[in-house]
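The letter at position 595 of the sequence shown is residue 1725 when you use my numbering, and the numbering goes up by one with no holes.
Bear in mind the hints are in silico, worked out from the structure with no lab data behind them.
Wrong hints could be hidden among the right ones.
Quick list of the computed label-pair ranges, beta carbon to beta carbon [unchecked claim]:
{"id": "1", "residue 1": "D1756", "residue 2": "L1564", "range": "29 to 37 Å"}
{"id": "2", "residue 1": "K1188", "residue 2": "V1750", "range": "20 to 28 Å"}
{"id": "3", "residue 1": "M1168", "residue 2": "R1195", "range": "16 to 24 Å"}
{"id": "4", "residue 1": "K1420", "residue 2": "D1368", "range": "23 to 31 Å"}
{"id": "5", "residue 1": "K1576", "residue 2": "S1735", "range": "55 to 63 Å"}
Below, in silico cross-link-like pairs of lysine to any residue (SDA-like), each with a Cα-Cα straight-line distance of 20 Å or less [stated by the list, open to error]:
{"id": "6", "residue 1": "K1513", "residue 2": "Q1536"}
{"id": "7", "residue 1": "K1440", "residue 2": "D1424"}
{"id": "8", "residue 1": "K1266", "residue 2": "D1235"}
{"id": "9", "residue 1": "K1695", "residue 2": "V1666"}
{"id": "10", "residue 1": "K1322", "residue 2": "S1353"}
{"id": "11", "residue 1": "K1513", "residue 2": "F1617"}
{"id": "12", "residue 1": "K1513", "residue 2": "F1427"}
{"id": "13", "residue 1": "K1533", "residue 2": "F1617"}
{"id": "14", "residue 1": "K1155", "residue 2": "Q1210"}
{"id": "15", "residue 1": "K1527", "residue 2": "L1472"}
{"id": "16", "residue 1": "K1332", "residue 2": "I1294"}
{"id": "17", "residue 1": "K1303", "residue 2": "S1703"}
Everything numeric in this text was worked out from a predicted model, so none of it was measured.
Think of the CB as a built atom: it goes at the ideal place given N, C-alpha and C, for glycine as much as any other residue.
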Amino acid sequence: MGKRKRDDSDQNSKSAKNARSFSQKWLQLFLWLRFDSMLNAMFCDICQKHKLKNNFVKPGSTNFRKSAVVEHANSNDHVQALKLETASKSNPIVSVFEKVHEKTDNAMCTLFRNAYFIAKENLPMDKFQSLNDLNKSNGAVITSKLYQENNACSEFIQIISDSIEQEVMSDVKLSPAGGIMIDESTDLATQKHLILYLSYLKAGELKISYTKLLNLSSGTAVSITAHIIAYLKSFGVDLSKIFGMGSDGASVMIGKHGGVSQLLKDTSPHLVEVHCVAHRLALACVDTAKEIPDIQFLESIVSTVYSYYKHSPTNLAELRSWQLIIDDPLFNPLDIHKVRWLSMGNALDNLRRSVVSIVNMLGDQTDTDIVANSLHNSMTTYKFFFMLYFLSDLFGKINQLSKSLQKRDLSYATVKQLVDSFLMAIEAEYLTELPSFGPLCTEFLKSTEQSDTFKTITFQRNHRDIHLKKRAVQCAQLIHDNIRDRFPDNKIFEAFSVFEPSNFPSSVADLPRYGEQQLECLGDHYNLINQEELQVEWGILKYLIFNNYKGLSFADLLTAIISRKDQFPNAISLMEISRILPVSSVECERGFSRQNIIKTKLRCSLGIDSLDQLMRISLVGVDVKDFDPVPAIRKWQSVRNRHVYQNNAFSKLMNVRS
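Model the full structure from these sequences, guided by the hints.
Structure, rendered in structure tokens:
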């Protein structure tokens, strides 16, 4: 069961050997030859220049044989193009036109760079004209008026975005394995859409790229799945090579009966669904807060303090004065956002750092302001300070874990190590016979053992305060258990951890039996793997890793041994699958953050297609200084004849001398 036939393997191996690709040496032998890596095709510059019609002009030749290039060199079209080229060099009139053509290219490069700058820097297209005017003032070669309106900028951005999209999807098609990350959202115009990221391999290295903003007519699992499949198929992506899906864990995404992940398994049978690890951590914290009244007590104070200063410039100015007098940090009070993973810890940290200024300022307002009086009474209690410092310690650790779980290049083994280390730290500080309560809370407890004053603030005690330590331990226990329950073991991911060099045994004597059960588990799940060959390969590969690569990370290991795939095809295929499995959907959240930077209240009329193009350039495009506009210009020219490239182009250019 699950074994691949030997003759299939031989046939695949033979076809792989016969696969041809472009040879860079041909560029030295044929000076007129050009290779477009984005289109994966060869072109003849001379035939293109003289507008002849053959495969080396349009759509480009993909017959990567030297004989095909030689055949084109001897063709009637190419010979005719060479004659025209020779005649043009001896004709002064043609030479003038070539110079004009070059200047026109320079002018269009200026316009395309400006359009790219607009998109890359998240600026409105209304700035395109003023940016062009600035270039004119600086003496740049640019058109006088042609192609300077917003519609032209939009067209340039579309051409550039399409080129980036084509390049990404070409890499995805060539990748041996891929994963998807998806999330739903609405923008300022309440348009519902799905954001799609893809993880894939390029030369053994993991790439995670924004891919598409898909307009959703319906938020059902069937609709979402149909949109994803249609988009991937439009670029010829082999859906059977999609092995993982990361999401926020909503039932519509990973529901066992009709969720997107289940529907995708019809076309991607080996797909593994993953609930975002950062989202799981946030849910564990929310679950804890719902069950602990003391956390709700502090949350209420934090929110009231935030509102008190947020809606009153006078109150905020008064707080600034107190912060300067007391030498507190000039922090603004923050609110707690349920949808933001780090907000609780950040809000508590800001409040703790400015608590002396806030309490003193509120004390001055108690006679005239009922809200200030109520806040002052709540914030001058032993309970408030204890919970503030206890939760600052606790959520400081949670924030640190959350930031680690939001890193881009994250493996399941690393996630497990991070979560296990966090749980051990909670156990050591809070779940012992003599809890230490963390450094901040310890400082507070020591300072108030014999005093009712802390940091110059006098507070009130209550007879129920003696139970606070016990309730704090219960809170720590609950958050420990909630996080542990939110991160159950996954047998597939656990099995993939066998490839982590850090998990290898320390002694070579333990290697013979190492990984046998894990490889059997993986072989059962991925029936595209030949289990017998896998066990043979692993028997050699694990010694190779132990002796040469034990100090590497899994990412570096895969890059180092990818060239040995002919020797270990099954084992390295599994390693490639493991590398692309998404453990979170954090990238989707970053994409939505960029969406909200681009589509503001002043730009709420942006359509979904334009927003998608702008996001692609902003998120995936190279730095402005590295952008080469020429390929995009050539693609723009190929759509139709462009007026600026006609023979009277001189009259359309600025700052050009004949």
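Comparing the hints with the structure gives:
| no. | hint | result |
| --- | --- | --- |
| 1 | D1756 to L1564: 29 to 37 Å | violated, 58 Å |
| 2 | K1188 to V1750: 20 to 28 Å | holds, 27 Å |
| 3 | M1168 to R1195: 16 to 24 Å | holds, 21 Å |
| 4 | K1420 to D1368: 23 to 31 Å | violated, 44 Å |
| 5 | K1576 to S1735: 55 to 63 Å | holds, 59 Å |
| 6 | K1513 to Q1536 | violated, 33 Å |
| 7 | K1440 to D1424 | violated, 24 Å |
| 8 | K1266 to D1235 | holds, 16 Å |
| 9 | K1695 to V1666 | holds, 14 Å |
| 10 | K1322 to S1353 | holds, 12 Å |
| 11 | K1513 to F1617 | violated, 32 Å |
| 12 | K1513 to F1427 | holds, 10 Å |
| 13 | K1533 to F1617 | holds, 17 Å |
| 14 | K1155 to Q1210 | violated, 25 Å |
| 15 | K1527 to L1472 | holds, 11 Å |
| 16 | K1332 to I1294 | holds, 16 Å |
| 17 | K1303 to S1703 | holds, 16 Å |
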